[in-house]
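Join these two chains into a complex; the hints should help.
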Amino acid sequence: MGAPVDLGARAADNLRYIRETIESARTFTAVPGWGGVGLGVIALVASVAASRQTEPRGWMMVWLGAAALGALIGLAAVARKARRLSASLSAAPARKFALNFAPPILAGALITVVLARNGMYGVMPAVWLLLYGVAIVTGGAFSVPCVPVMGFCILGFGVGAAFVPAEYGNLLLGTGFGVIQIGFGVWIAVRHGG
Amino acid sequence: MARTSAVRKVVAQPRLLDAPARAAELDRLIHDRVRLGIISALAAQEGMTFSELKKALNLTDGNLSVHARKLEEAGYITAEKAFVGRVPKTSYRLSEEGKLALGRYLNHMEALIAATRRGPSNP
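Quick note, the sequences are listed as chains L and X, same order. Position 15 of the first sequence, counted from 1, bears residue number 15 in my numbering, the numbering being contiguous throughout. Residues are numbered in my numbering as their position in the second sequence, beginning at 1, plus a constant of 194.
Hints should not be assumed to be uniformly reliable.
Unchecked claim - With a straight-line cut-off of 25 angstroms between C-alpha atoms, the simulated SDA-like cross-links for lysine to any residue are:
| id | chain 1 | residue 1 | chain 2 | residue 2 |
| --- | --- | --- | --- | --- |
| 1 | L | 96 | X | 244 |
| 2 | X | 248 | L | 55 |
| 3 | X | 248 | L | 105 |
| 4 | X | 249 | X | 285 |
| 5 | X | 249 | L | 159 |
| 6 | X | 293 | L | 17 |
| 7 | X | 275 | L | 94 |
| 8 | X | 249 | L | 14 |
| 9 | X | 283 | L | 10 |
| 10 | L | 96 | L | 15 |
| 11 | X | 248 | L | 51 |
| 12 | X | 249 | L | 94 |
| 13 | X | 293 | L | 10 |
| 14 | X | 249 | L | 19 |
By construction, these hints were calculated from the structure, which means they are not laboratory data.
So here's chain X without its partners, still in its complex pose (with noise of 0.2 angstroms):
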């Protein structure tokens, strides 16, 4: 019965449940490792290239370039290609909205820890 509690506190949490829809849509964007792995690294550098982002995530380039769309077309990240000599560079930025989806996905997990943290036993 314990069990079946805590459960409900979790996800009983305001911050959880109230939130708007569409966030919650923009968590699930997020969760994926790999994704939540290259908004990760660019919100700790300006601007990365396609093979930096591989080589700092240890990504395949077909992996890397299916998420990367991914969060590209929800306007996570902004991609810039460009030209050096002949070779094709893609430079990633990380977006405003793709800054405040971070931080709600971070405000998200805290709240988990959180209410785990407090247990069955408080309100």
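Only chain L is shown next, with the shape it has when bound in the complex (with noise of 0.2 angstroms):
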């Protein structure tokens, strides 16, 4: 009975490489590219209300709102372009996105809680814009090679951030957030299908 066994064994070999290629191809459009112009309009949005307010706690509360927003824009838009692309977010291009974008996210929540304890506000940017930075970074090496670009774009503004006075904090998290998002956004959505 070898032969037929082997024979047909050789095909689900062959269908399973050829779907798992096919996967691991996708991870290179794992990224919404209008789910980013999104989330850079909000960053945008959230930079002028934070400017206006007087105390910095009402400021910190402004920006948490906006990434609070943003996370829910941005999964609403990675499932919407997954549904398009007829991609499962529990196959492996995903979680390997996720795996490698969410600890950076969860190490800058819980640094801001502490830092928020002590009062440290004006920090606030630099270690938002770095960790989220490192996180489209990591995440983006499963993606298309301008996300990891973009990464280290914002990267660069939180390096700014951390050595320029706090009040420019603001001003930068903005531009980190807002325009390089825009403009990267634009670029996948139009080379990488939406």
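Below, the structure is given as structure tokens:
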């Protein structure tokens, strides 16, 4: 019975290989461009709203609200694009992206709590930009090449925020999260199907 | 004896034997793992650059070049060469013929699996 079993097993192995290769190749379009544009617009609006706050805590709450709204929009955009591409969110590409993207974001959330407790609001822009940049770089390693490039750009703004006076932090957040994400979002949407 | 019978049943599938000789040839062309990988990756993605394909399939430059050229000569994929600044950039796309070849190959594999599942007792 060896020969027919081998033929069937080899055929199944070939089909598995095709499926895995297709899944792997689809990692290149995991990031939604228009979703990125949406996140960028939210960041610009938040930047303006936050600059009008008189208390540091109010300023932080504006940005945290924007982050929560951005997370919802980002997840919805990823789900929409995955559905359009008939890609599973539990498949290897999505898992790899999520596993690499999530840890820096979670670390950023935890550090934010610690900084807020100690009243260190001036450090937050640098921490947020640096860790979000790292998340985009590491998650983007499984996406199209311009995604990690976007991450490095945001990282650059984070480095800037770490060394300039705190009053420039809000401007750098607006530019890093807003302008950069809008620019790269349009590029991804045009070049990589939405 | 059962083994011989089973082999005959697999090989005697009409879809396999009655296919035109050209189709059999095309199957052999993409049956190679590397070329099958290239075709599969390009089926998932509208267009991929040389370096994207190399990264996705974990191939060397030489290996990818050789196999991509064979697929290009068969008309399964198209290559577009351009310069980004001074750096040459080659992008590949799956042609209509390539899509058909992959479809035929998938049918071929599914027929083999189905024949194996039916086994020697069912006609």
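Hints versus structure:
1. Among the hinted pairs, residue 96 of chain L with residue 244 of chain X is consistent with the structure: their alpha-carbon atoms are about 22 angstroms apart, no more than 25 angstroms.
2. With a CA separation close to 52 angstroms, the supplied pair residue 248 of chain X and residue 55 of chain L exceeds the 25 angstroms bound.
3. Proximity of residue 248 of chain X to residue 105 of chain L is assessed by CA-CA distance (about 30 angstroms); at most 25 angstroms being required, the pair is judged violated.
4. Under the criterion of a C-alpha separation no larger than 25 angstroms, the hint pairing residue 249 of chain X with residue 285 of chain X is consistent with the structure, at around 14 angstroms.
5. Note on residue 249 of chain X and residue 159 of chain L: the hinted pairing is violated, with a Cα-Cα distance of about 30 angstroms set against a maximum of 25 angstroms.
6. Restraint check: the Cα-Cα separation between residue 293 of chain X and residue 17 of chain L comes to about 17 angstroms, which is no more than 25 angstroms; the hinted pair holds.
7. Between residue 275 of chain X and residue 94 of chain L the alpha-carbon distance is near 31 angstroms, which puts this suggested pair outside the 25 angstroms criterion.
8. Simply put, residue 249 of chain X and residue 14 of chain L have alpha-carbon atoms about 20 angstroms apart, close enough for the 25 angstroms limit, and the pair holds.
9. Note on residue 283 of chain X and residue 10 of chain L: the hinted pairing is violated, with a Cα-Cα distance of about 35 angstroms set against a maximum of 25 angstroms.
10. Between the alpha carbons of residue 96 of chain L and residue 15 of chain L the distance comes to roughly 22 angstroms, so the proposed pair stays at or under 25 angstroms and holds.
11. Distance check on the hinted pair: residue 248 of chain X and residue 51 of chain L sit about 46 angstroms apart at the alpha-carbon level, beyond 25 angstroms; violated.
12. Between residue 249 of chain X and residue 94 of chain L the CA atoms are separated by roughly 17 angstroms; this keeps the pair inside 25 angstroms, and the hint holds.
13. A distance of roughly 22 angstroms separates the Cα atoms of residue 293 of chain X and residue 10 of chain L; the hinted pair therefore holds under the 25 angstroms criterion.
14. Only pairs whose Cα atoms come within 25 angstroms are accepted, and residue 249 of chain X paired with residue 19 of chain L is accepted, the gap being roughly 17 angstroms.
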